[in-house]
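Chains as they are written, first to last, in the UniProt record's numbering: chain A, 1 to 473; chain B, 1 to 473.
Misleading hints may appear alongside valid ones.
What follows is a list of derived Cβ distance ranges for each label pair [claimed, not checked]:
1. A:P271 / B:Q323: 40 to 46 Å
2. A:G462 / B:R62: 32 to 38 Å
3. A:R325 / B:Q323: 35 to 41 Å
Simulated coverage check for chain A against chain B, where a stretch passes if three residues somewhere in it have a Cβ under 8 Å from a Cβ of chain B [claimed, not checked]:
4. 78-92
5. 425-433
6. 450-456
Treat the hints as calculated values from the structure; they're not laboratory data. A quick note: this is a predicted structure, and the numbers were derived from the prediction, not measured. All C-beta atoms, glycine included, are put in the ideal place defined by N, C-alpha and C.
2 protein chains.
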Amino acid sequence: MPEPDALEPFRTLLGAGGVLTAPDMLARYTLDHRELMRGETPAVLRPRSVEEVQGLVRLARRHGYGLVPQGGNTGYVGGATPEPGRHQLVVSLERMTRIRAVDPLNFTLACDAGAILADAQAAAAAQDLLLPLSLGSEGSCRLGGNLGTNAGGLQVLRYGMTRDLVLGLEVVLADGSLFSDMRHLRKNNIGTDPKQVFIGAEGTLGIVTGVVLKLWPAQGFRATAWLQLAEGAPLPEIAALVRRETADLATTFELISASSLALVAEMRGAPIGLRTGPGGAVLLELQASSARIPLDDVLMGTLELLMEQGWVEDAILAQSEAQRREMWTIRETIPEGEKHAGGSFKHDIAVPVSRLTDFLEQGGRLLAERLPAVRLSFYGHVGDGNIHYNLVVPKGQDRLAFSRTVEAGIAHDLYAIALALGGSFSAEYGIGRFKRDLLARYTDPTRRALMATLKRGLDPDGVMNAGAMLGEE
Amino acid sequence: MPEPDALEPFRTLLGAGGVLTAPDMLARYTLDHRELMRGETPAVLRPRSVEEVQGLVRLARRHGYGLVPQGGNTGYVGGATPEPGRHQLVVSLERMTRIRAVDPLNFTLACDAGAILADAQAAAAAQDLLLPLSLGSEGSCRLGGNLGTNAGGLQVLRYGMTRDLVLGLEVVLADGSLFSDMRHLRKNNIGTDPKQVFIGAEGTLGIVTGVVLKLWPAQGFRATAWLQLAEGAPLPEIAALVRRETADLATTFELISASSLALVAEMRGAPIGLRTGPGGAVLLELQASSARIPLDDVLMGTLELLMEQGWVEDAILAQSEAQRREMWTIRETIPEGEKHAGGSFKHDIAVPVSRLTDFLEQGGRLLAERLPAVRLSFYGHVGDGNIHYNLVVPKGQDRLAFSRTVEAGIAHDLYAIALALGGSFSAEYGIGRFKRDLLARYTDPTRRALMATLKRGLDPDGVMNAGAMLGEE
Numbered sequence: 001m002p003e004p005d006a007l008e009p010f011r012t013l014l015g016a017g018g019v020l021t022a023p024d025m026l027a028r029y030t031l032d033h034r035e036l037m038r039g040e041t042p043a044v045l046r047p048r049s050v051e052e053v054q055g056l057v058r059l060a061r062r063h064g065y066g067l068v069p070q071g072g073n074t075g076y077v078g079g080a081t082p083e084p085g086r087h088q089l090v091v092s093l094e095r096m097t098r099i100r101a102v103d104p105l106n107f108t109l110a111c112d113a114g115a116i117l118a119d120a121q122a123a124a125a126a127q128d129l130l131l132p133l134s135l136g137s138e139g140s141c142r143l144g145g146n147l148g149t150n151a152g153g154l155q156v157l158r159y160g161m162t163r164d165l166v167l168g169l170e171v172v173l174a175d176g177s178l179f180s181d182m183r184h185l186r187k188n189n190i191g192t193d194p195k196q197v198f199i200g201a202e203g204t205l206g207i208v209t210g211v212v213l214k215l216w217p218a219q220g221f222r223a224t225a226w227l228q229l230a231e232g233a234p235l236p237e238i239a240a241l242v243r244r245e246t247a248d249l250a251t252t253f254e255l256i257s258a259s260s261l262a263l264v265a266e267m268r269g270a271p272i273g274l275r276t277g278p279g280g281a282v283l284l285e286l287q288a289s290s291a292r293i294p295l296d297d298v299l300m301g302t303l304e305l306l307m308e309q310g311w312v313e314d315a316i317l318a319q320s321e322a323q324r325r326e327m328w329t330i331r332e333t334i335p336e337g338e339k340h341a342g343g344s345f346k347h348d349i350a351v352p353v354s355r356l357t358d359f360l361e362q363g364g365r366l367l368a369e370r371l372p373a374v375r376l377s378f379y380g381h382v383g384d385g386n387i388h389y390n391l392v393v394p395k396g397q398d399r400l401a402f403s404r405t406v407e408a409g410i411a412h413d414l415y416a417i418a419l420a421l422g423g424s425f426s427a428e429y430g431i432g433r434f435k436r437d438l439l440a441r442y443t444d445p446t447r448r449a450l451m452a453t454l455k456r457g458l459d460p461d462g463v464m465n466a467g468a469m470l471g472e473e
Numbered sequence: 001m002p003e004p005d006a007l008e009p010f011r012t013l014l015g016a017g018g019v020l021t022a023p024d025m026l027a028r029y030t031l032d033h034r035e036l037m038r039g040e041t042p043a044v045l046r047p048r049s050v051e052e053v054q055g056l057v058r059l060a061r062r063h064g065y066g067l068v069p070q071g072g073n074t075g076y077v078g079g080a081t082p083e084p085g086r087h088q089l090v091v092s093l094e095r096m097t098r099i100r101a102v103d104p105l106n107f108t109l110a111c112d113a114g115a116i117l118a119d120a121q122a123a124a125a126a127q128d129l130l131l132p133l134s135l136g137s138e139g140s141c142r143l144g145g146n147l148g149t150n151a152g153g154l155q156v157l158r159y160g161m162t163r164d165l166v167l168g169l170e171v172v173l174a175d176g177s178l179f180s181d182m183r184h185l186r187k188n189n190i191g192t193d194p195k196q197v198f199i200g201a202e203g204t205l206g207i208v209t210g211v212v213l214k215l216w217p218a219q220g221f222r223a224t225a226w227l228q229l230a231e232g233a234p235l236p237e238i239a240a241l242v243r244r245e246t247a248d249l250a251t252t253f254e255l256i257s258a259s260s261l262a263l264v265a266e267m268r269g270a271p272i273g274l275r276t277g278p279g280g281a282v283l284l285e286l287q288a289s290s291a292r293i294p295l296d297d298v299l300m301g302t303l304e305l306l307m308e309q310g311w312v313e314d315a316i317l318a319q320s321e322a323q324r325r326e327m328w329t330i331r332e333t334i335p336e337g338e339k340h341a342g343g344s345f346k347h348d349i350a351v352p353v354s355r356l357t358d359f360l361e362q363g364g365r366l367l368a369e370r371l372p373a374v375r376l377s378f379y380g381h382v383g384d385g386n387i388h389y390n391l392v393v394p395k396g397q398d399r400l401a402f403s404r405t406v407e408a409g410i411a412h413d414l415y416a417i418a419l420a421l422g423g424s425f426s427a428e429y430g431i432g433r434f435k436r437d438l439l440a441r442y443t444d445p446t447r448r449a450l451m452a453t454l455k456r457g458l459d460p461d462g463v464m465n466a467g468a469m470l471g472e473e
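Can you make the complete structure from the sequences, with help from the hints?
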């Protein structure tokens with residue numbers, strides 16, 4: 001337990017604005033994004049440089065503090081929320097936002113871990129390049145958080161997860177030393193690659209301070225369609241046909257269920273010009289960097305095949321940017337629609353794409369039997385096998401109480417279905433503090449033992465984000 | 001040091017054909033692919049199942065043996081060669097070759113680590129799918145070796161390195177326990193990902209026994225061209241233009257220098273119908289899974305732009321599969337051409353693509369000054385910044401003696417150039433036993449300390465491939 005005046009050396013190191021302690025200043029750092037947990041911290045540290053991060057790690061060790069790295073605080077699992085009773089200082093990277101370099105001939109970008117994702121995207125776009133990582137929270141999430149959670153998002157289908165975009169990494173380790181591997185190389189086979197352990201480690205192994213990411217040519221050409229799926233339309237077969245017929249130029253293949261669309265309409269208080277078919281709807285988008293690719297023809301031809309198969313009843317091609325924008329807005333405002341209806345309990349499930357139909361059928365049956373009155377909102381990145389399968393809080397019920405009931409009950413039945421299909425209880429969001437019990441329950445002991453070995457090896461004193469992920473294992 | 005009859009329990013475990021000890025049988029396992037090192041082993045173990053691998057690891061520990069995992073023994077750095085004096089048994093995965101599953105709707109393949117790469121490619125192709133990993137040695141290398149070395153190859157430009165293809169992994173750990181993570185999932189964010197540490201670890205952390213790989217739709221449509229580069233043609237700019245104009249459908253962008261082409265002609269004893277320009281030649285290929293993409297038009301349009309820029313003097317489009325085959329054969333037989341001329345010392349250099357011209361200029365100047373009589377053969381995966389920069393053994397000189405001279409001298413000057421440009425001394429081949437000294441010399445201590453921490457944590461007794469990579473660090 002730290003001494004009462006132990007924050008003074010941090011003030012000396014980080015300067016006046018570098019240490020926040022006023023309760024009203026701390027509030028936004030200690031409440032998680034979904035407002036499920038109110039954490040506690042003596043102070044928020046706001047370093048301005050890698051050297052300051054190294055210094056504060058050394059000070060924290062000396063004075064008996066733990067550290068919780070935090071980016072934009074937009075996570076869904078409480079991974080950046082300091083726990084009451086742990087004497088954890090929040091390390092906010094929000095003042096380390098520099099775009100360090102954009103190399104248009106090497107297609108790479110280097111930046112501080114505190115850079116906001118949208119700013120990094122903009123720096124790439126300014127040179128006619130694309131940083132394909134794209135999330136709902138891109139205007140406020142920071143790259144360090146994206147790295148810590150191996151963020152997915154809207155373009156995984158074509159470009160992969162955050163890990164797939166990383167070429168270089170810079171990490172302040174638990175002893176305050178610096179691991180710097182910021183090379184802009186696509187190939188660098190020099191044995192075991194230490195940077196991989198920090199990606200997805202949720203800040204439990206070190207504090208990521210910088211990253212080098214792959215870029216692509218800007219995708220200036222697009223073709224977008226809204227597909228109304230027929231009764232019983234087989235999503236895996238549709239996704240496979242789309243991959244093949246579009247030559248993998250599809251960047252988006254998002255399922256939108258009728259119930260999710262209805263939630264958006266209710267929030268707007270007006271009917272929506274687009275509708276789902278009996279099998280729901282799909283937002284499909286192709287992108288290319290060159291006008292030489294006849295995207296509209298490719299999309300039309302693909303849709304014709306899907307209709308010939310009887311899988312798609314009707315399809316609308318976006319004829320203008322406004323129409324395209326409307327399709328996207330519907331998809332992007334589903335979470336708000338859920339919030340407007342009273343909030344939702346969010347399952348973040350993945351299964352192999354080939355088992356999607358099985359999951360939806362089995363999950364649907366289970367819910368119809370056990371919770372017939374609860375509205376289900378499901379949507380998501382079907383091209384990756386990732387379904388957001390959310391239960392809307394029934395009118396009049398308390399959101400937290402409902403969440404606890406679902407969490408302790410039917411959620412486990414849904415996870416059991418997903419796992420039996422070779423799936424996962426956590427596709428995108430990670431473990432943090434809210435899913436520790438799920439990690440313990442649904443992953444095998446050898447995996448957890450390996451994770452613990454890595455933790456002990458890299459952070460033997462448990463300075464880094466203690467309590468997250470493995471908890472006390 | 002093991003007792004003399006300590007191999008008996010291995011025979012009981014693995015059966016008659018499972019333990020080879022006759023010197024003439026051992027020879028092909030103990031000589032490295034490039035014939036630079038003759039290793040030594042008491043026996044080669046040939047397990048048939050994961051359980052047998054677990055059993056032999058436990059026996060090895062009990063009887064004081066080390067283990068050297070081996071796939072196709074096609075590596076370039078002695079990573080699979082047992083060292084004299086270490087009492088290391090070779091664990092050959094050559095009897096674990098099963099293709100476990102191909103899922104055409106999920107675009108995944110699962111197989112044993114002993115599967116030959118070409119067999120895995122064929123299993124995918126049989127279902128109209130593509131496993132894009134493609135190497136010169138694909139007819140004999142095995143996937144466990146590809147994983148251990150994070151193999152690159154001919155299609156990294158579009159599909160990435162081996163790591164980028166891995167979804168699942170199965171590893172027998174140093175204590176004989178099994179880490180099995182063979183899920184076919186594109187998204188599974190459940191914290192620190194232990195499987196990443198085994199990829200590229202060259203068998204020093206465990207024995208990979210199985211893998212799940214991403215597949216793509218078969219690329220049934222191709223367009224291929226041979227480009228003659230103009231004097232001073234800027235490779236980085238050309239590569240960037242090609243990426244953009246072909247919408248990243250380029251799978252191959254291989255530089256072939258005039259000297260490399262000459263070596264192939266000499267080996268054939270006949271002139272070659274294709275020639276390089278003053279800046280060398282590039283083999284460029286686009287691929288697509290759909291006839292809806294007008295690949296010939298895309299390629300033609302791109303070539304026109306390159307010629308308008310004055311970067312390409314002339315270009316030949318392959319008009320038939322035979323012509324395409326001939327272009328590829330030239331590229332693929334450069335290593336044989338070098339061998340025919342007396343062998344070569346191979347530098348496996350990477351730089352950021354944007355620094356390629358700088359590297360070639362500086363390297364060329366250095367060689368012209370210091371080794372004016374030595375033939376340089378350079379070629380390779382320019383789209384990835386990876387140049388094979390090889391010095392042909394001069395007529396009449398002993399290959400090994402020449403190699404030692406280069407290795408101790410000018411090689412370091414070339415590495416210094418590459419490193420100053422943000423590059424690497426090892427793009428593809430890895431460290432193994434031949435580049436241990438380079439690893440120690442050219443990587444920073446924090447990186448090596450992290451690698452050693454991982455080694456100690458996962459293999460505290462040094463059972464797994466001791467001597468490879470970190471050596472005695």
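Coverage of the segment 78-92 of chain A by chain B (three or more Cβ within 8 Å): With 0 residues in contact (Cβ-Cβ under 8 Å with chain B), the coverage given for the segment 78-92 of chain A is violated.
Given a hint of 32 to 38 Å, does the C-beta separation of A:G462 and B:R62 actually sit inside it? Distance hint for A:G462, B:R62 holds at roughly 34 Å.
Consistency of beta-carbon spacing, B:Q323 to A:R325, with hint 35 to 41 Å: Violated, at about 47 Å.
Verify this for me: three or more residues of the segment 425-433 of chain A with a beta carbon less than 8 Å from a beta carbon of chain B. Satisfied; 7 residues make the cut.
Assuming the hint says 40 to 46 Å, is it satisfied by the Cβ distance from A:P271 to B:Q323 or not? Distance hint for A:P271, B:Q323 is violated at roughly 59 Å.
For the segment 450-456 of chain A, do three or more residues have a beta carbon lying closer than 8 Å to a beta carbon of chain B? holds (count 6)
In terms of the numbered hints stated before, the structure departs from hints 1, 3, 4, listed from lowest to highest.
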